[in-house]
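Quick note on this note's numbering: the sequence shown kicks off at 7 and runs consecutively.
Treat the hints with care, as some may be off.
[As the list claims (entries may be wrong)] Listed next, with one range per pair, are the computed distances between beta-carbon atoms:
| # | residue 1 | residue 2 | range |
| --- | --- | --- | --- |
| 1 | Leu93 | Gly228 | 45 to 51 Å |
| 2 | Leu93 | Asp158 | 27 to 33 Å |
| 3 | Asp86 | Ser396 | 28 to 34 Å |
It should be emphasised that the hints constitute simulated quantities derived from the structure, not laboratory data. Computed from a predicted model, the values in this text were never measured in an experiment. Ideal Cβ placement from N, Cα and C applies to all residues, glycine included.
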Amino acid sequence: MRGSRLPQPADRLGYLWLGIGTVLSLFAVHGRWDVPVAAWLYGVFLLRYTRTRRPFVGFVGVWAASAVSAAFWLYESGVDVLSPILLLCLALSTVLTVPYLVDRLLAPRLGVPGALVATLVFPLARVCAEYVNAMFSPAGSIFGSLAATQHDNRPLLQVAAVTGSYGVSFLIAWFAAVCAGVWERRFSWPAIRIPVLAYGVVLGMVVIGGGVRLALFPPSAGTVRVAGVSPTRSALAHRTAMLDSFASLSQLAQADPALLRPVFATVTDDLLAASEREARAGARIIVWPETGAGVLTGDRAELITRVGVLARAHGVYLELGLGVLSRQQPYVRNQAVLIDPRGQVVWTYEKAHPVPGLEELTPGDGVVPTVDTPYGRLGNLICFDADFPSLARQGGSQGVDLMLVPSNDWREFGEAHTEKATLRAIENGYSLVRQDTNGLAQTVDYQGRVLASSNYFTSDQQTMVAYVPSKGVRTIYAAVGDVFAWLCVAALAVLVGVAARRAVRWPVRPLAGRPAVAKRASVGSP
Numbered sequence: 007m008r009g010s011r012l013p014q015p016a017d018r019l020g021y022l023w024l025g026i027g028t029v030l031s032l033f034a035v036h037g038r039w040d041v042p043v044a045a046w047l048y049g050v051f052l053l054r055y056t057r058t059r060r061p062f063v064g065f066v067g068v069w070a071a072s073a074v075s076a077a078f079w080l081y082e083s084g085v086d087v088l089s090p091i092l093l094l095c096l097a098l099s100t101v102l103t104v105p106y107l108v109d110r111l112l113a114p115r116l117g118v119p120g121a122l123v124a125t126l127v128f129p130l131a132r133v134c135a136e137y138v139n140a141m142f143s144p145a146g147s148i149f150g151s152l153a154a155t156q157h158d159n160r161p162l163l164q165v166a167a168v169t170g171s172y173g174v175s176f177l178i179a180w181f182a183a184v185c186a187g188v189w190e191r192r193f194s195w196p197a198i199r200i201p202v203l204a205y206g207v208v209l210g211m212v213v214i215g216g217g218v219r220l221a222l223f224p225p226s227a228g229t230v231r232v233a234g235v236s237p238t239r240s241a242l243a244h245r246t247a248m249l250d251s252f253a254s255l256s257q258l259a260q261a262d263p264a265l266l267r268p269v270f271a272t273v274t275d276d277l278l279a280a281s282e283r284e285a286r287a288g289a290r291i292i293v294w295p296e297t298g299a300g301v302l303t304g305d306r307a308e309l310i311t312r313v314g315v316l317a318r319a320h321g322v323y324l325e326l327g328l329g330v331l332s333r334q335q336p337y338v339r340n341q342a343v344l345i346d347p348r349g350q351v352v353w354t355y356e357k358a359h360p361v362p363g364l365e366e367l368t369p370g371d372g373v374v375p376t377v378d379t380p381y382g383r384l385g386n387l388i389c390f391d392a393d394f395p396s397l398a399r400q401g402g403s404q405g406v407d408l409m410l411v412p413s414n415d416w417r418e419f420g421e422a423h424t425e426k427a428t429l430r431a432i433e434n435g436y437s438l439v440r441q442d443t444n445g446l447a448q449t450v451d452y453q454g455r456v457l458a459s460s461n462y463f464t465s466d467q468q469t470m471v472a473y474v475p476s477k478g479v480r481t482i483y484a485a486v487g488d489v490f491a492w493l494c495v496a497a498l499a500v501l502v503g504v505a506a507r508r509a510v511r512w513p514v515r516p517l518a519g520r521p522a523v524a525k526r527a528s529v530g531s532p
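Could you put the whole structure together from the sequences, leaning on the hints where they help?
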């Protein structure tokens, strides 16, 4: 194809920009050392690098940066960096690197450097990449969501009620593309005016609109007292020490029940005592953490009967997090069981998305259960399930007012994992109660306000109490789903078509750099 060779602008500091972008990206994956502003900045430097290198060289450089970021994320999350999970993270990183290559190939064909249309390529491609990971990978949106890094920026996050988390990611990626264009045009105001003003207007409308929603339309419904209870650290440590003494899950499953029952009972009795205490204090809904109680298959019915007696005596809804141990495969079932004030089982929900590489579980059917109560419509997910937007949206589309999310994490990962769940509440218009053992238990309303929280490692009493709105709101995202992401896919496809047509009809416009290079590349062009 004559005249289709992309120019290679000169920037002797290219590898410096790659290094700065790499360092910033380490703090833009939402872990223990999260720095929200880093998510806005690292893409600027990586785009500068890719736009001043040949496409393949730029892609390889950014992929290497993404690989380092993925390994660092595993390290700060307390996961062995050399575990098989690294391969999954590298695959996710590869998908998230593709937008840089797409930008490098398309943006020069869509106008002069920094042109408005050209700045849209990268954010459109970024949304497409995040959507692919969230929908088709076993990790959901746990890694690489730019929106998750902004968990404290509630005015900005309100747009998720319309676009899902993808709208936030789009704005962050668009910022990087606009800044890269400004850099290429050497900060010449006449050349950068249109994209800068367009971006500023859109971002301003989103932030101001989010602020107005928070200020003028806060939750106004009545509230219900909800208590999340976890076992005490001493009781849990006793059970953990016993479980860790077995070399494998199959060996544990074949252990003498007489050895297991007393240890399980210590934790169960602790949870029942805490539940009764909170019921007497006025809680109407009580939530245990994920696998809060361990129980043998043969003893499960007896435990549910005991809980039913407590629920009936105090008129409460009680959500049990159970790890049910069987002698046959699957050896463990990760269940959430809701008991109503009559002492009856409302639902038994099994975790739909086990954590890849860390949980040996048979997934549940992925159908979110709901029930109408005097305190609003309740729904249920378990821990990692909330990292899958499409699964969490089932609750929003069914009008759930309060989503119960029993969870269990570990010290290095628990706080960041809980903060990610805030997006699901805003997207779907429900309050969310995430009772987390070995992490941060937190309750947020449907605008992302933190109503209560309790850190398992710093609290003396493992209980979280919150007054939660009994009525949610219907959101556009819950009604239409991932339409914004689909529109981004369609828009990117259109730009690919336009760029391809221009590549055939006339040579590519050069990026900022050496005009002579572009001139040599276009010799012989029509």
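These are the hints, each one checked on the structure:
Separated by about 49 Å at the C-beta atoms, leucine 93 and glycine 228 satisfy the suggested range of 45 to 51 Å. A C-beta distance of roughly 32 Å is found between leucine 93 and aspartate 158, which places it inside the suggested range of 27 to 33 Å. A hinted range of 28 to 34 Å holds for the C-beta pair aspartate 86 and serine 396, which are about 29 Å apart.
The structure agrees with every numbered hint stated previously.
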